[in-house]
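Turn these sequences into a full structure, and let the hints guide you.
Residues per chain are reported as follows:
Protein chains: 4
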Amino acid sequence: DLPFTLIAGPCQIESRAHTMEVAGVLARLSRELGIGVIYKSSFDKANRTSASAARGIGMAEGLKILSEVRDVFGLPVLTDVHDAAQCGPVGEVVDVLQIPAFLCRQTDLLLAAGATGKAINVKKGQFLAPWDMKNVAAKIASTGNEKILLCERGASFGYNTLVSDMRSLPIMAETGYPVVFDATHSVQQPGGMGTSSGGERRFAPVLARAALAVGCAAVFIECHPDPDNAPSDGPNMIPLDQMTALVKRLQGFDALAKAP
Amino acid sequence: DLPFTLIAGPCQIESRAHTMEVAGVLARLSRELGIGVIYKSSFDKANRTSASAARGIGMAEGLKILSEVRDVFGLPVLTDVHDAAQCGPVGEVVDVLQIPAFLCRQTDLLLAAGATGKAINVKKGQFLAPWDMKNVAAKIASTGNEKILLCERGASFGYNTLVSDMRSLPIMAETGYPVVFDATHSVQQPGGMGTSSGGERRFAPVLARAALAVGCAAVFIECHPDPDNAPSDGPNMIPLDQMTALVKRLQGFDALAKAP
Amino acid sequence: DLPFTLIAGPCQIESRAHTMEVAGVLARLSRELGIGVIYKSSFDKANRTSASAARGIGMAEGLKILSEVRDVFGLPVLTDVHDAAQCGPVGEVVDVLQIPAFLCRQTDLLLAAGATGKAINVKKGQFLAPWDMKNVAAKIASTGNEKILLCERGASFGYNTLVSDMRSLPIMAETGYPVVFDATHSVQQPGGMGTSSGGERRFAPVLARAALAVGCAAVFIECHPDPDNAPSDGPNMIPLDQMTALVKRLQGFDALAKAP
Amino acid sequence: DLPFTLIAGPCQIESRAHTMEVAGVLARLSRELGIGVIYKSSFDKANRTSASAARGIGMAEGLKILSEVRDVFGLPVLTDVHDAAQCGPVGEVVDVLQIPAFLCRQTDLLLAAGATGKAINVKKGQFLAPWDMKNVAAKIASTGNEKILLCERGASFGYNTLVSDMRSLPIMAETGYPVVFDATHSVQQPGGMGTSSGGERRFAPVLARAALAVGCAAVFIECHPDPDNAPSDGPNMIPLDQMTALVKRLQGFDALAKAP
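Top line first, the protein sequences correspond to chains A, B, C and D. Each step along the first sequence adds one to the number in my numbering, with nothing skipped, and position 71 is 71. Each step along the second sequence adds one to the number in my numbering, with nothing skipped, and position 141 is 141. Each step along the third sequence adds one to the number in my numbering, with nothing skipped, and position 237 is 237. Each step along the fourth sequence adds one to the number in my numbering, with nothing skipped, and position 64 is 64.
Fair warning: there could be bad hints in the mix.
SDA-like cross-link-like pairs, simulated, lysine to any residue; straight-line CA separation at most 25 Å [claimed, not checked]: (1) Lys258(C) with Arg70(D); (2) Lys248(D) with Leu256(C); (3) Lys118(D) with Ala85(D).
Simulated from the structure, these hints should not be mistaken for lab results.
In structure tokens form, the structure reads like this:
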């Protein structure tokens, strides 16, 4: 029943300068609000809607930048892995490896991630029931690594739409592993813009409040200095300058939910 | 941004004595917690899963009992109507007429309910998008009656399952009408027990917390002294003796959500 | 394993002349293709998306016209009922009473319809699992009337969308009652046009073929001389002049599905 | 409008002997019924529900056996790939590489598969709308390889359930690529047995008939001499000795659907 941790950062590592700017703002937010922040950003967008969409800066360059975020700002860092071979090198740099939702049942990836000994944040597949995440967790735990986080990010609800079932938070918590709520991907509209995914940013704070009132260990919020011009996930990311007010508000719901 | 109102009571009017017992407990809860309570109970269950299931006490007898609840305890009362002809007599007794979810697009019923001049609580159909409730409200408003409440009670999600989309609360609030969250029907499993509906009572408080954190004007919670032996909706009703603790908890989330 | 029956006609009884024109075309189609046709049309659209949408010609006038269809063309006629009180008068004129999908669990309506002794076509609610239709049928059968038809017309699939689950046909057939597939309402997009329902007419023949290949006793297809100018259900009705070619094609699939 | 091709075989390559037995039966079926058969079997089940479930025989051994099927029986062979590195070696042996549904948006895998120049059968993700498969196909086509097959295998419908939307076949066909219907995975109940997926075998022929009546280029049916004792997908595979009767029946619907 510790206060919630914030996992935040822009969808992609756009450049060293961009990353350090955002990380600086989030480090200050962490100090000012007294909240643990894990810096999140991706070096590769491996499953964009369209092949012509921006992929990212690459693993080597991306890890160097994330490592600098850690050194300069003292923030733990999180990034996602897409195949088993990436887990080793990524695990040497980051504090948390993230398994993308589409890949949450890929046994080799889960085992390789687990074998790094680092914390693993697994997104629940949009096609998966919350009670089935115990099987996913068991794959990772079979490596002896119990540092597992289970993350709700929406369930398929008809075409091009996700719905957030708040019951999934207590159901996944029954595994004993901390539960994360991903507020910005939950408001995605997959494929909703023809050759890219749409989203409704305005509902991310709504769902984050609901999740914290229900109770969760961490909230995942992608943010960006200029979301409308971001190379990916723009329609659902939160403008960076709104993060302090939002997180402050969320802290109230978290404290209340965890009060005796 | 007034504090939320509680709509509560047992699914059915089982008898005069049973009703007065529950209403007495809820009247005390209202005073002790300083919360407005609307007493809810049905005189007829018009759409049970099975024809052999208990239907209820009937309109004449039911209205007499609800009227007594009002007189004795000073609680406003709510009951549901199933056809246009019931609206007149029901409207003479109750403070709020409720339109069942399956019937939320039946024009004649909506018009007859509106014509009573009483407040109307319309449940959103399990088959309806939240943005389509503006058309439902417009049918009622066409009678000149603007005392409309829009109520979320779950959306169809595969077979025998409902999901509560918390985005529907702000979407329906855009109409300008107060939004109600029905916590106990939202956890129903329609038809899930073969010849009756199942439900998961333990998720009703979870969803109610989420809804109040998101923001709503009223919460609807069916409760019963002995839910496991109730003639209908037993699997999802809240035991009456747990209501005070639950509502107290919910008041915290409501106050926080409505704080400036 | 008799050849399938066609239930067809325009959504609404627009006028005597309009009805007789369509019925004449369908009577000729019946003779030319050697297929049983039940003429379908509604005297009241009781649950339009919007209150300002056209409601229909009314019960008295509508029944007079349907009666004339029967007398002049020898076609059995079907129309839908919306409350218990309508069942008596409607049952005196039509061959088949239809229960709308939203109303498929309203006990009083089902009992009143059953009591007419006429055949009853019950649409499966968009919110109902196919295995739950046995409870609906049992309500009607409790009146001693076993002339029951169970009709698939799509299940809720996210917002403003229906999906046709072809497994529902054999599941409902396990009741022993004939199963109808409603091809034109299954392609509706409920509320999809803001203040009216949309639809994708081009998929109605696709789904009808699928349903007949799976096996069903009747197919329901709304048709109209000029669907794009029809007062209701225009986006999904089939142009009348395409019906002969379509039904001929469907007869092939039906014969094949029922071949030993 | 050529007759449909049958893609068939057991879920896993269990052993050389087992594979040759099944392939022999399917080769005879191909000759007797005059139908093109592509032999399907997997060397690795990379995303089982549980980590302790049988994974398969491995790539090297599996490809040797598939190669022998080709040589001995003259059947083209298909197997699935799970990461980009597998595409090269697999592409040297098989005629068709298959992309699993969960992986259908993994750009690197699609590009590596495309680069083999072999035909690619991409399963549509359970989380994807049919109109979004054009983006998936475009990723493969960007390699210059246009030998693309798009495969429907069910869409998420609530938890632990899939639904087959027959409209997806014509929608995907609008891309110009041949469309495959996977009849046995479409009846899976993902995770439905706690630590493995359930399924309802009896509906596979039902859905296959529907798909052929609608129109498709190939049908995918997993089959096994003893499904109830198979190491994976047992609940939905068709017993091998029922395949001839089933395929014969399906040929009728195919011929009728493709008749002028």
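Numbers of the earlier hints that this structure fails to satisfy, in rising order
1
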